[in-house]
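Going down the list, the sequences are from chains A and B.
Positions 1 to 132 (the working numbering) are the ones given, in order, by the first sequence.
Positions 133 to 299 (the working numbering) are the ones given, in order, by the second sequence.
None of these hints come from the bench; they were simulated from the model.
One should not assume that every hint holds.
As the list claims (entries may be wrong) - In silico BS3-like pairs for lysine-lysine, Cα to Cα no more than 27 Å straight-line:
{"hint": "1", "chain 1": "B", "residue 1": "Lys196", "chain 2": "B", "residue 2": "Lys135"}
{"hint": "2", "chain 1": "B", "residue 1": "Lys287", "chain 2": "A", "residue 2": "Lys91"}
{"hint": "3", "chain 1": "B", "residue 1": "Lys135", "chain 2": "A", "residue 2": "Lys31"}
{"hint": "4", "chain 1": "A", "residue 1": "Lys91", "chain 2": "B", "residue 2": "Lys226"}
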Amino acid sequence: MSLDIVATYAVAAFLFIGAVFALIGVIGLLKFNDPMTRLHAPTKVGTVGIGALLLASILYFDTFHDGSIHELLIMAFLFVTAPISANFIAKVIIHQGTCETPPEPVTECTWSTLGSPNRKSDVVEAVNHTPE
Amino acid sequence: MLKRGFYWLIPHPFLTLILTAVWTLLQNEISAGMVVFGLILGVIIPWGTSVWWPDTPQGFRLGKMFVYAGIVMWDIVVANIQVAWIVLTKPNSKLCPAWVVVPLDLIQPEAITVLAGTITLTPGTVSADLSNDGHSLLVHALHTDDPDAVARDIKQRYERRLKEIFV
Numbered sequence: 001m002s003l004d005i006v007a008t009y010a011v012a013a014f015l016f017i018g019a020v021f022a023l024i025g026v027i028g029l030l031k032f033n034d035p036m037t038r039l040h041a042p043t044k045v046g047t048v049g050i051g052a053l054l055l056a057s058i059l060y061f062d063t064f065h066d067g068s069i070h071e072l073l074i075m076a077f078l079f080v081t082a083p084i085s086a087n088f089i090a091k092v093i094i095h096q097g098t099c100e101t102p103p104e105p106v107t108e109c110t111w112s113t114l115g116s117p118n119r120k121s122d123v124v125e126a127v128n129h130t131p132e
Numbered sequence: 133m134l135k136r137g138f139y140w141l142i143p144h145p146f147l148t149l150i151l152t153a154v155w156t157l158l159q160n161e162i163s164a165g166m167v168v169f170g171l172i173l174g175v176i177i178p179w180g181t182s183v184w185w186p187d188t189p190q191g192f193r194l195g196k197m198f199v200y201a202g203i204v205m206w207d208i209v210v211a212n213i214q215v216a217w218i219v220l221t222k223p224n225s226k227l228c229p230a231w232v233v234v235p236l237d238l239i240q241p242e243a244i245t246v247l248a249g250t251i252t253l254t255p256g257t258v259s260a261d262l263s264n265d266g267h268s269l270l271v272h273a274l275h276t277d278d279p280d281a282v283a284r285d286i287k288q289r290y291e292r293r294l295k296e297i298f299v
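Just chain B, same shape as in the assembly (with noise of 0.2 Å):
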């Protein structure tokens, strides 16, 4: 009964305690006074758009979603040095891009947004479309020479991991 009226109160608490730091980060000072009114929309943003996001994720590992960030900023870097080389060196008829069809095993729509997410801002990769029903993403790469090993790649380095986060 507790639990249901937390739940009915604050339907995604992760989401509370974000908007109140971006608030309290808005104002560019931490105050008492802040944090507090941070607090009030915290609890009245999820409130009134949960009609928008029914399901709350069930099961979401914190700590391996740090681990998970930190591998991605990393790639991220190496991913617009790789870039930023192949814009400058390679002639545009060298170049060979190609549409990767990656399968999904996750079925959470919130762990499919950070799969393309992650895709779209690291190595070589642009996710743009999901299939009708769901079960596999469209990635199209800058420069392969084996598709198979981007979707290889993808699925071991990434979608294993968020498995493990939404589980």
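Pulled out of the complex, with its shape left as it was, chain A reads as follows (with noise of 0.2 Å):
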């Protein structure tokens, strides 16, 4: 009985940490005023409060319930991909020019998203160059 009544507060605690970041995250997104900056708050602060609801649905379904391990997968999947959106939201806006022009790389080249497509051939000599 205990056990249930420690679970209960935990999967509150986790409920209110997790809303609670989702809740910044969307403080974030409206406050700053630079695309570039808005874009740091929505992809960190996101994982640790989606983390925290998604643990507290698993904490909830193995007290409660048969127990349920999907959550693990949506976390999974959400830290894989969450850069790789952020990634091209950020080529988005390197593309309009909306932000502050970004230095030049440390070789003679240009970054990918500016490069004209006759120099793709750089990018795939640079993927083939691994070693055997």
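Assembling the complex is the task here: the two chains are given apart, and the hints tell you how they should meet.
In structure tokens, the structure reads:
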């Protein structure tokens, strides 16, 4: 019986943490005034926010029902895909020029978003350069 | 001959294992039938998609990858609290965002992908772009006084460990 009470409080605590982080992510999204800084708030705060909510879900179903591990998959997919969508949004921002112009790379070339299509051979060369 | 046959049938052994685990987790219960079906999927999918991922990463240290994952998990929690604090307390005028160029020593595309993903998930940085020749990574920092220190930090904390994982 006491385990149930502990679990209930733990679930409530995780739900609260998750909700607070999600709220802060939204505040950041609205507050910042530059597209690149705006990108920071949802990409990072979102991960712990949703992570805590999913942890609450695992705990709840483990204690009061049969148990569920789907949430681990959701978390894994979220952690793998969040950087990729952030990367795509950053590329669009760079391409539109709505941010400060990024500095040049260290070697003699350009960023792949800004490069011209006929220099695509550089990318292929770099990818194929993996050691045997 | 036997080894070549194995790699022809299972081009990415880790991918096969991960797909099997994902299928089992999707079912939300462990039964022999589902694991076998997961294994079948785990063989068919890498085999069918091997055209788009021709080079198997050579040498991959799984143990070190777990240590790395642990460090990243911890950093994600710390990063979230830091960013939340910046969002709530720093007015826009006091925020100093900056572009950071990170010179890369890593050459394997898989390793660079992991590094870029890690940078996006950790303290105040988002990876934005890769240079044409794949030797530098463009990172955006939310709030920093010294962009060079951010680059040094990334190289020291993550890239050094990734170099040991992907040998």
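The hints, checked one at a time:
no. : hint                  : result
1   : B:Lys196 <-> B:Lys135 : 25 Å, holds
2   : B:Lys287 <-> A:Lys91  : 22 Å, holds
3   : B:Lys135 <-> A:Lys31  : 57 Å, violated
4   : A:Lys91 <-> B:Lys226  : 26 Å, holds
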